[in-house]
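Now for the letters of each chain:
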Amino acid sequence: MAIIFDHVNHVYGGDTPLAVKALDDICLQIQDGQFVGIIGHTGSGKSTLVQHMNGLLKATSGHIYFNGEDIYDRDYSLKKLRSKVGLVFQYPEHQLFEVDVFSDVCFGPQNLGYDKKEAELKAFEALRKVGLPSELYYQSPFELSGGQKRRAAIAGVLAMEPEVLILDEPTAGLDPRGRAEILDQIKGLQTDTGMTILLVSHSMEDVAEYVDRIVVMNKGRILYDDCPKEIFARYRELEEIGLAAPQVTYILHELQNRGFQVDMNATTIEEAAETVADAVRMRKKR
Amino acid sequence: MLRDITIGQYYQTESPVHRLDPRVKIGGTLLYIISLFLFSGFAGYIAAAVFLAVVIRLSHVPFRFMVKGMKAILFLLLITVGFNLFLTPGTELISFWKLSITREGAEMAVTMAVRLTLLIIGSSVMTLTTTPNNLTDGMEKMMKPLRIFHVPAHEVAMIMSIALRFIPILLEETDKIMKAQLARGADFDSGNLLQRARSMVPILVPLFISAFRRANDLAMAMEARCYRGGEGRTKMKPLIYQRRDRIGYLCILGYLVIGVTLSRIW
Chain A
2 MAIIFDHVNH VYGGDTPLAV KALDDICLQI QDGQFVGIIG HTGSGKSTLV
52 QHMNGLLKAT SGHIYFNGED IYDRDYSLKK LRSKVGLVFQ YPEHQLFEVD
102 VFSDVCFGPQ NLGYDKKEAE LKAFEALRKV GLPSELYYQS PFELSGGQKR
152 RAAIAGVLAM EPEVLILDEP TAGLDPRGRA EILDQIKGLQ TDTGMTILLV
202 SHSMEDVAEY VDRIVVMNKG RILYDDCPKE IFARYRELEE IGLAAPQVTY
252 ILHELQNRGF QVDMNATTIE EAAETVADAV RMRKKR
Chain B
467 MLRDITIGQY YQTESPVHRL DPRVKIGGTL LYIISLFLFS GFAGYIAAAV
517 FLAVVIRLSH VPFRFMVKGM KAILFLLLIT VGFNLFLTPG TELISFWKLS
567 ITREGAEMAV TMAVRLTLLI IGSSVMTLTT TPNNLTDGME KMMKPLRIFH
617 VPAHEVAMIM SIALRFIPIL LEETDKIMKA QLARGADFDS GNLLQRARSM
667 VPILVPLFIS AFRRANDLAM AMEARCYRGG EGRTKMKPLI YQRRDRIGYL
717 CILGYLVIGV TLSRIW
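If you read the sequences in order, they're chains A and B.
Every letter in the first sequence is one number past the one before it in this note's numbering, and letter 94, counting from 1, is 95.
Every letter in the second sequence is one number past the one before it in this note's numbering, and letter 90, counting from 1, is 556.
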């Protein structure tokens with residue numbers, strides 16, 4: 002059991018009249034090796050939620066356990082926690098600062114106390130995992146393209162070899178192709194290493210293909226927590242909180258209404274294409 | 467931690483002082499500061515303190531809120547008082563070790579302390595009751611006559627309002643970058659002075675880059691809206707003196723007359 006949230010609350014702006022409840026009685030369990038999507042509209046508390054997982058924000062009340070240990074225990078090392086739970090922020094390329102990509106990726110492992118050789122080895126490994134071409138390793142990070150910068154920044158967290166990787170909107174501001182590339186890479190990471198991955202996003206389209214579980218947040222609360230098929234079946238409720246199911250869900254529902262025999266469980270474009278083709282073939286036979 | 471600085475902050479409320487034209491408040495504050503250094507003697511300072519108390523009362527800003535911002539200046543105040551107290555030559559009152567307190571020194575120290583306190587609170591009344599935008603508007607209009615000396619009044623005012631607007635944005639940005647580097651195992655709180663200074667590099671470099679990026683974006687956006695500086699530019703809410711502003715000027719004038727006469731006769 003990797004991460005457990007036990008009745009966690011978080012209030013911004015403490016005792017002032019401007020206090021905002023960002024997390025409201027969150028109970029959540031993340032199992033090892035899962036690929037979880039955390040979905041919510043802007044301001045639903047999803048970024049606040051993930052910042053609790055590596056101790057950057059402290060809960061106003063409630064407990065958080067990582068591998069069975071309470072992270073708010075006085076002798077619990079938050080630095081150690083941060084090496085185990087890697088958090089990639091929104092627009093991570095804005096944190097690059099070193100003279101070249103390679104030394105920037107070394108920053109994380111060096112902070113963890115690895116010597117130069119070990120840190121470089123881990124940096125190299127991480128850069129390879131995110132698929133950055135090796136001729137870019139010794140370029141200034143500011144000369145890379147948007148997508149390349151983002152990969153370099155993700156490598157910076159991966160180099161710390163975390164057990165859990167959290168990505169906050171990793172595809173924000175990328176074009177559709179860059180988006181698919183990054184998400185495929187992340188999925189590959191999960192299947193290769195068995196790492197636990199949490200993907201924060203406001204787009205169902207992004208996560209539908211990749212995750213095995215979706216947590217829907219609204220106004221600081223967990224609204225649904227289920228597998229993608231079950232979540233998308235409630236697309237009407239999702240629309241009410243400003244979210245939408247993937248486009249294929251709508252197309253399939255419309256087809257069903259018009260009398261096609263489609264499989265409503267399809268969530269990815271490939272699955273949908275298959276079931277639509279089947280339905281058309283069935284109709285032709287008749 | 468960075469959010470505790472209240473100097474220069476605006477306090478949102480409804481009061482006669484808030485409604486005054488910013489030019490009255492800027493002019494008034496300048497005159498008030500000058501008066502603090504013109505007045506000599508006890509009576510003048512009482513007049514200054516009473517006047518300030520009345521203005522604070524009228525401004526509906528809690529006194530507690532003002533004093534909170536004073537804490538940062540306290541250190542400066544103590545140094546000034548200390549220097550005046552020990553280093554002014556004159557008739558000795560008490561002396562110990564190598565230090566001695568003179569009569570003149572004690573008087574000087576007390577005057578300086580009173581002057582500085584009134585000065586800081588006085589000018590913070592202005593910033594607390596005027597929005598930054600209003601403040602720069604007022605300054606721009608007051609600096610207009612300086613155009614004959616080629617002072618770019620509008621540009622200076624625009625730079626000031628942009629700078630003020632960017633303070634909260636950059637604070638937020640700093641917070642974000644700090645968190646991101648903490649997530650990468652950075653440590654800002656341990657080590658000696660040199661190590662700590664070095665640990666700021668991963669924050670400062672991205673912060674500067676982001677500031678330049680934002681400046682670039684803003685310049686682009688301004689140009690896209692055909693901004694060309696102050697020449698021929700009109701305002702949506704031009705500053706026009708009202709009756710209350712004239713009353714405001716009269717009050718300041720009255721205070722000056724009373725203060726000067728009081729410090730003459732006493």
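Hint data in this document are derived by calculation from the structure and do not stem from the laboratory.
Source: prediction; values computed, not measured.
Cβ atoms here follow ideal geometry from the backbone N, Cα and C, with glycine treated the same way.
Warning: the hint list may mix true and false statements.
Derived CB-CB ranges, DEER-like [what the hints assert, rightly or not]:
no.	chain 1	residue 1	chain 2	residue 2	range
1	B	M688	A	R284	23 to 31 Å
2	A	H42	B	M686	51 to 59 Å
3	B	R710	A	K22	39 to 47 Å
4	A	K22	B	F508	51 to 59 Å
5	B	F674	A	F261	32 to 40 Å
6	B	I675	A	S78	54 to 62 Å
7	A	K117	B	V580	36 to 44 Å
8	A	V100	B	A687	42 to 50 Å
9	B	N658	A	K85	40 to 48 Å
10	A	G34	B	F654	31 to 39 Å
Just a sample of chain A residues kept apart from chain B, beta carbon distances all over 10 Å, derived [stated by the list, open to error]:
no.	residue
11	Q52
12	D74
13	E126
Okay, the hints, checked on the actual structure:
Taking 23 to 31 Å as the suggested C-beta distance range, the pair B/M688 and A/R284 does not conform, at roughly 59 Å. Take A/H42 and B/M686: their Cβ atoms lie about 30 Å apart, and the range 51 to 59 Å is violated. A hinted range of 39 to 47 Å for the beta carbons of B/R710 and A/K22 is consistent with their spacing of about 42 Å. The hint said 51 to 59 Å for the Cβ distance between A/K22 and B/F508, and at roughly 54 Å that hint holds.
Between B/F674 and A/F261 the C-beta distance comes to about 58 Å, which lies outside the given range of 32 to 40 Å. Remark: the range hint 54 to 62 Å for B/I675 to A/S78 is contradicted by a beta-carbon distance near 31 Å. At about 60 Å, the CB distance of A/K117 to B/V580 disagrees with the hint of 36 to 44 Å. Checked against the hint of 42 to 50 Å, the C-beta distance between A/V100 and B/A687 comes to roughly 31 Å, which is inconsistent with it.
In this structure the supplied range 40 to 48 Å is violated for B/N658 paired with A/K85, their Cβ-Cβ distance being about 28 Å. Between A/G34 and B/F654 the C-beta distance comes to about 33 Å, which sits within the given range of 31 to 39 Å. With a closest Cβ-Cβ approach of about 7 Å to chain B, A/Q52 is found to fall inside the 10 Å limit, against its non-interface label. At roughly 19 Å, the least C-beta separation between A/D74 and chain B is larger than 10 Å, which holds for a residue marked as non-interface.
The beta carbon of A/E126 sits about 16 Å from the closest Cβ of chain B, which is more than 10 Å, so the claim that it is off the interface holds.
The structure fails to meet hints 1, 2, 5, 6, 7, 8, 9, 11 from the earlier list, while all remaining hints are met.
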